[in-house]
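Trainee: Here is what each chain is made of, one letter per residue.
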Amino acid sequence: MHHSPEGTTYLNYPKGLMSWLVTLDHKRIGMMYLASVLFFFFVGGVFALTIRLELFTPEQNLLTADQYNQAFTYHGVIMVFLVIIPMIPAAIGNFVLPLMLGAKDVAFPRMNLASYYIFVAASVMAVATMFFGGVDTGWTFYTPYSTQTQTATTLMLCAAFVAGFSSIFTGLNFMATVHKLRAPGQGWGQLPLFVWAIYATSVIQVLATPVLGLTLALVALERVAGVGIFDPALGGDPVLFQHFFWFYSHPAVYIMILPAMGVINEVIPVFSRKPIFGYKAMAAAIFGIALVAFAVWGHHMFTSGQTALVNMLFSLITMFVAVPTGIKVFSWIATMYKGSIHFDAPMIYAFAFLFVFVIGGLTGVVLATLGADIHFHDTYYVVAHFHYVMVGGTLFGFMAGLHYWWPKFFGKMFNSFLAKLSAVLILIGFNVTFFPQFILGIQGMPRRYWSYIPEFTALNQLSTIGSFVIALGFFLALGYLTHSFFFGKKAGSNPWRALTLEWESESPPPLENFRFDPVVTHGPYEFKGERV
Amino acid sequence: MMDFGGYPIAATAAAESWDQLHWFLIGVCVFFSLVVFVPMVVFAIKYRARPGHKPTYISHNNALEIFWTAVPTVILMVIFAWGWIVYKELVINAPPNAMEVKVMARSWGWTFQYEDGRTTNDLLFVPVNKPVRLVMTAAEGDVIHSFFVPNFRLKKDVVPGIYNTTWFEARIPGRHQFFCTEYCGAGHSIMIGAVVVLEEEDWQLWRWGKAIDMPDWVGIGGKRERMLTASQGREAAFQVQTAHLDQKSLIDRGQELHRRQGCVACHSSDGTMGIGPSFLGIFGEEVELSDGRILVRDENYIRGQIENPRAQIVRGFEHAVMPPYPGRLSELDLNALIAYIKSLQGSTTAQRMTEE
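First to last, the protein sequences are chains A and B. Each number in our numbering comes from the position in the first sequence (counting from 1) with 8 added on. Each number in our numbering comes from the position in the second sequence (counting from 1) with 1144 added on.
Read the hints as simulated data drawn from the structure, not as lab findings. Hints are not guaranteed to be accurate.
Chain A side only, calculated, beta carbon under 10 Å to chain B, not exhaustive [stated by the list, open to error]:
no.	residue
1	Gly15
2	Val54
3	Phe55
4	Thr58
5	Val331
6	Asp386
Calculated pairs, DMTMM-like style, for lysine to aspartate or glutamate (alpha carbon to alpha carbon, straight line, at most 20 Å) [to be verified]:
no.	chain 1	residue 1	chain 2	residue 2
7	A	Lys112	A	Asp245
8	A	Lys112	A	Glu534
9	B	Lys1198	A	Asp352
10	B	Lys1190	A	Asp352
11	A	Lys288	B	Glu1209
Derived Cβ-Cβ restraints for the label pairs, each shown as a range [to be verified]:
no.	chain 1	residue 1	chain 2	residue 2	range
12	B	Ile1210	A	Glu14	25 to 35 Å
13	B	Asp1266	A	Thr490	30 to 40 Å
14	A	Gln68	B	Cys1410	51 to 61 Å
Using N, Cα and C, we set each Cβ at its ideal position, and we do this for glycine too.
The whole structure should be built from the sequences, with the hints applied where relevant.
Mentor: Below you can see the structure in the form of C-alpha cells.
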C-alpha cells in the first residue's frame, strides 16, 4: 500500500504547518532536526567568533572575564549537545537510514517525533539559562566549581539531562530499525557502512548516555539539596565526578565521530567508482572503536591524582583506539587506488576530512602518551586536537554528507564551483585557526584563559584571523545552498550514480519513501570496473 | 613583526627526557601524515576521472590489511612504553632527600609553605639543582586548580580535600612562569606566578630573610612586566617581597598544635600506648586496618583520619572515639601537624633511613 499520490514528495504531501509539526515521517523529522542543528551551529559559531575576538589581544577587548567564561561555556555546550551529537545521526541519519534499508520509516515513528520535541525542550532550557544569569562552568561541568558557582547551572544541567533522552530515543529507534526493517535480500553484509556507523553510534548512545544523565542529576541534587557526593566541603569526592563524566563523555566523542566516518565510507567509493576497500574490516573497525571507547575515559585524568597504575592502564588501552582508526584511514586511501576519482563537492569535503582528521588522530596518540600528556593536558594543544577531530572530522563529515544527500533531501542541485570554493575556504580557515593552537599548547598556553601573557599574542591573532575565514566559508555555503533550495536545477533520483537504496527512490522521496517494494540484489559498493 | 615564540626551554633533566619523547612523537606524526597524504595526493592526480580511464575492481587485500594493523600496533606499544618511562621520571621518582614545599591553591592565588614555616604568595622560591617535592592541596571549600610549569613540562591538579604530590629539580636559575591549568572561574587566567630558582648563595641569603635581586625570566614570561616598566621608564629589577617570617618552623608549629588542639590526650609522641595510636614512627609505615586492609600512612591518610577518624581505623582501635575535625584546622595548620608527625621517626624508621 503506497498511498501518496503520483507527483507528490514528502515536502509537499501532506500539506500544512500542522502536518509538519505532528509528522511521523522520518524525513520531515530529519529535516526539522537539520534546521535546528544549523540554527544552533550558527549560535555556537557566533560564540566562537566572540571568543576569538576577545583573544585577539592579551588584554580585555570586548568581554569581561565572567562574560568570556560564559561565552566558552555556551560555545561548548551548544556545539556538543545541540550540534555535533545530533548533527549526523538525528538530522542526516533520520532521513537517510530508513531509505538505505528500503524501509517506509523508522521502527518507532512516534518515539522519533518525541525525540525531536525532547531535543527542542532541552534547547529551550539551554537558551533560557542565558536569561537567568548564564552558565560559566565550561561544557564539562567539573565539580566542585559547578556545585558552587552562582549561575543558572542547575537549569543547564537539566537541559543536558533532557537532551540525553532525545539521544537515547534516537539510538533505540535506529537499533530496532536496523534489526527489523531491512529490505528483502539485505543481509548484514549488504548494509551500507553508513548504517553500520549509525548502528554502532546508537549502541554507545543507549549505553553511555544514562550515566551522563545520572551524573548531571547528582550535581543538580547537590546544588539544590546539598547532597554530598562530589563537593569535598560536603564530604564528597570531586574527582569521582570526572570519572562519571568521562565515562559518558569519552564514548560521546565516538558518538560524534563514528557517524562522520560513516558518511566518508559512502562518499569515497561513490566518487572513486570503486568498492570500499575491506568492507568487513571497515565494519569491524567501527565496532572496535565503539568497544574500546568505553575503557579509555581515565586518559582525561592523567594529572588528577589518580594512581600511576591506573594512568598506565588507561594510556595503554587508549593506544588501541588508534589501531581500528588507522585501518579506516588506510582503507579509505586504498579505496581511491586505481579508482576514477570525481572531484565533486562531497569528495572535496572527504579529502578535507582525511587531511584534518589524520592530524587530529595522530595528535590524539600524542595525548594518549602518558608522559607527553602531563605537559599538554588542559593546554591549547588539547583544544587544537579536539577541534581537529570534532570540526575537522565531524563537521567536514557532516558537510560531505550534506552536499552528498542534498539532492535527495530537496531534489535540487547546488552550484558546484561555489561549493568547492567554500570547502577550500573553510579548510584553509580551519588550519589557520587551529594549527597555531598546537604551537601555543607546546609553548604552554592553558585553555579557558580570558587573558594571556603577551608572549602568546601573535599566534592568537593568527588563530582569530583564521576563524573569520571559516565564517566566510560558511556564509558562502549558506548563500549557494539557499539559492539551490529555491532555484536549484532538478537533481534526478541518482545524480552521483550511487548504488545504495536511497538513490532508487525519487528526489525528494514521497511519503513512505518508495513507490515500489525495494529488493536488494547487490552489495552497496558493487561498482562495475575491470575485475582483477 | 610577528613574534611566534619558540620551543619552550627545558629546565629540568625530566623536561629534557620529555623533549626527546616529544621529538620522537612529532617524527611519528609527520611520518604517518606523509604515509596518508602522499598517496592521497598521488592517487587524486593519477586516478582522476577522465575520458578513457576505467577504475579497477579491488575489494580487499588480506595481507595488506594485516600489515597495516600489525605495524601500527607495534609502534603504538613503543610509544606507550616510552610515555610511561618519561611519566615515571617526570612525576613519580622523587628522590627521598627532596626538600618539601606545601602548596595551597585558592581562588585565585597560590601560597607556598616552606619547611621553616615561612610562606610566600605566587612566587615559589627554590634552590637550583636541589630536588623539590610539592605536596599540594586547595583551600577548604575551594575548587580544583592545577599547577603547571611549562619549562619543567610538569603539571598536577590541586584538589581540595586531598594531597597530590609531584616533584622537580631545576637546573636553570631564574624565574620560570607557572599557570593554573584547571578552570576555576573569573580569576583563572590571572592565577599565575613564577618558580624562582635561586643560585645557592642567593638561596642562602633568601632563606635568612635577606633581600636579593630578583633573577630574570627564563623562556616565556616577563614580557608584560618589561612592557610596563618600559612605558613607565623604570628599571625592571626590583626587590623580592620578604616572605612572612613566621619564627617557628613547621615542625615546631605542629608540635604546638598537637598540644593545643588536644591531640596529645590520646596520641602520644613517644610511643606510649594511649586511647589512640601513638604518633611515633608511624609516618610512611604500613599499618593493618580493622577491615584487614594494609596501607601506608602517608599525608592523605593522616589528613583523612583527622577529618573523618572512623573511615580507616587501625586494627585494635575499633572502639576508640575521636571527634572529626573537618574545617577546624586551616590548611597551613594541617601541613604543620603532618610535618610534626612526619618528624617523629621511630627507632625502626630512623634505622632504615640511615641504611638508605
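Trainee: Could you tell me which of the hints above the structure violates, numbers in ascending order?
Mentor: When the structure is compared with the hints, numbers 1, 2, 3, 4, 7, 8, 12, 13 turn out to be violated.
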